[in-house]
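Protein chains in written order, with the numbering used here: chain A, 1 to 173; chain B, 1 to 273.
Just so you know, the hints here were simulated from the structure itself, not pulled from any lab data. One or more of the hints may lead you astray.
Derived Cβ-Cβ restraints for the label pairs, each shown as a range [said to hold, decoys possible]:
1. B:TYR26 <-> A:GLN25: 41 to 51 Å
2. B:GLN36 <-> A:GLY29: 34 to 44 Å
3. A:TRP28 <-> B:TYR26: 28 to 38 Å
4. B:GLU40 <-> A:ILE104: 45 to 55 Å
5. A:TRP30 <-> B:TRP43: 26 to 36 Å
6. B:GLN36 <-> A:TYR27: 20 to 30 Å
7. A:TRP30 <-> B:ARG53: 20 to 30 Å
8. A:PRO53 <-> B:TYR46: 31 to 41 Å
9. B:SER65 <-> A:GLU73: 52 to 62 Å
10. B:ALA54 <-> A:TRP28: 45 to 55 Å
11. A:ILE95 <-> B:GLU40: 23 to 33 Å
12. B:TYR26 <-> A:GLY114: 52 to 62 Å
13. B:SER3 <-> A:TRP30: 33 to 43 Å
Glycine included, C-beta positions come from ideal geometry on N, C-alpha and C.
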Amino acid sequence: MDKAIQNSIIRFFLLWILQVFFLKQVYWGWGGEIYLQIHLYPLFILLLPLRTPRSLTIITAFILGLLVDWWYESPGMHAGALVFTAFMRAIVLRILTPREGYSIKSHPTKRSLGANWFFQYAASLLALHLFFYYSLEAFTFVYFKTILFKLVFSWVASMLVLLVSVYIFNPEA
Amino acid sequence: MSSILQVFTRQGAFFLFAALEVVCLYLIITYNEPQQTIAESSWSLYSGQFKERADVTRRYFSLESLNEQLREENAELLRRLPNAFYTEHIDSVLVEADSLRQRYTYIGAKVVNKSPLSGNITYVLDRGYIHGVEPHQGVINSDGVVGVVTKVSQRHCRVMALTHRDVRLSAGLRKKPFFGSLHWDGGDIREAVLSSIPEYADVKIGDTVETTGYSNIFPTGVALGVVKDTEAQSGDNTLELQVSLFNDFFRVENAYIVRDLLKSDLDQLDTEE
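Isolated chain A, as found in the complex (with noise of 0.2 Å):
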C-alpha cells in the first residue's frame, strides 16, 4: 500500500481520538458562550494526497465530521463544517498552485511545498472551517460578531496547535 494512504488512515482515527479525548477538553469562553475552541481534526483533509478524489475527499470528510460529532453530541454540525472544507480543499488547492505548478512527487505538506505555502493553504481553510462550523452552530447571521469573534479565537488556538504538530511530525506526505 502506498506510504501516503497508510499515513492517512492513521491520521485518521489519531486524530479522531486526539480530538474527541483530549483537544474537547481545552475550551474558553464568558458569558455562557464558548468562544474559543481546537479544532484539529481539519488536518485529516489538508494532508489528504493531493491526487485524492474530490468526491472521495468529501465523503471521508463526511464520516470523520460524524465520528467526531458522535463525541460532541452535536449531530451533523462538525460533519457539515468538515464537507464544506474538503469541497473547498479543491478550489484552495487551483488558487494555492505554485508557479511551476503541482508537480507529481508534490504533497500539500510542509515539507513538499514549504512553510510558506502550508501556512496559506492551512490557514485559508481551517478559516473557512470554522466559519461555516461557527455559522451552523448559530444557524443565523444575525449574531455576526458573535460568529467573527469565535472564529477569531479558535482559529487563532487551532493553528497554533496546527502549526505546532506539522513541525513536531513533518510528514512526508
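Please arrange chain B on chain A, whose structure you already have, making use of the hints.
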C-alpha cells in the same frame, strides 16, 4: 471527451457536497435543540408570509363575487335613502313611519360591454327582464347619473349613457327652484348643457346640478355635475349652463338600475286622454 468527463466528475463532487450538506442540516435540525428552535421559528415565519401572500392572491380571485355582494348591498342601501320613498299620508304634520311607501328600488348590475370611444356611449349590463329591468329605467352609480335603459333582453340590457345625443332629462340646481333640460351637445364627454333656466336665476359657477325627479326615471336629488359656465341665450330670456359632469363615462364598472314602482300609476296620467 475526457474534458467532458472531468466536468462531470467535478459536478459530481459538487452534487455530493450539496447532498451531504443537506444530510448534515437535517441532522442538525433534528438532533440539536437550539438550531431546531431557530429552524422552527424561521419556518413558521416564512410559511406565515407565504400563507399571507397566498391569501392575498386567493382574495384577489374572489373579488368578482365580492363586488357582486357589494353591489347588492349598495342597491339595498340606495333603496333605503329618503328620496326612494313616497309619502302616502296627507297630514303633513304627523308623519308616521308606515305612511312611507317604497317608490324606488335598485338593481345592482355590472358593465359587461362598452361601446368604443365615441360620443354616443352605450353600455351592456348583466341584468335583464328576468331581474325586473325594463326600457326607460334610469341607471345611476356612486358618482351620479349614468344613463337610461334602452333595450332589454332576458339577462342583459343596453344602456344609453348620459352623453348620448338622444338623452334628455330634467335637471335642476340644488337648493334653488330652477330647473331645465339637460342634454349633451356633442364634443367633450365630460360636459353637458343645461338649458331653459330663466335669465333672472342667480346661478353661480360651481353650483351643483342634480336630477329633479320630474322625469320619473330618476329619484330626486341624484347628482349630475357642477355649473362651469353660464351663457345668456339671446331672444328667449333663458340661460344655458355648461355643466361639467361628475361621472367618468369611460370608467363605469358598476351601475344601479332604478325601478320606479309607481311608474304605472304615473303612466295612467299620460295615456288617459
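Each hint, compared with the structure:
no.: 1; hint: B:TYR26 <-> A:GLN25: 41 to 51 Å; in the structure: violated, 29 Å
no.: 2; hint: B:GLN36 <-> A:GLY29: 34 to 44 Å; in the structure: violated, 22 Å
no.: 3; hint: A:TRP28 <-> B:TYR26: 28 to 38 Å; in the structure: holds, 31 Å
no.: 4; hint: B:GLU40 <-> A:ILE104: 45 to 55 Å; in the structure: holds, 51 Å
no.: 5; hint: A:TRP30 <-> B:TRP43: 26 to 36 Å; in the structure: holds, 32 Å
no.: 6; hint: B:GLN36 <-> A:TYR27: 20 to 30 Å; in the structure: holds, 23 Å
no.: 7; hint: A:TRP30 <-> B:ARG53: 20 to 30 Å; in the structure: violated, 43 Å
no.: 8; hint: A:PRO53 <-> B:TYR46: 31 to 41 Å; in the structure: holds, 37 Å
no.: 9; hint: B:SER65 <-> A:GLU73: 52 to 62 Å; in the structure: holds, 56 Å
no.: 10; hint: B:ALA54 <-> A:TRP28: 45 to 55 Å; in the structure: holds, 49 Å
no.: 11; hint: A:ILE95 <-> B:GLU40: 23 to 33 Å; in the structure: violated, 39 Å
no.: 12; hint: B:TYR26 <-> A:GLY114: 52 to 62 Å; in the structure: violated, 41 Å
no.: 13; hint: B:SER3 <-> A:TRP30: 33 to 43 Å; in the structure: violated, 54 Å
When each numbered hint is compared with the structure, violations occur for hints 1, 2, 7, 11, 12 and 13.
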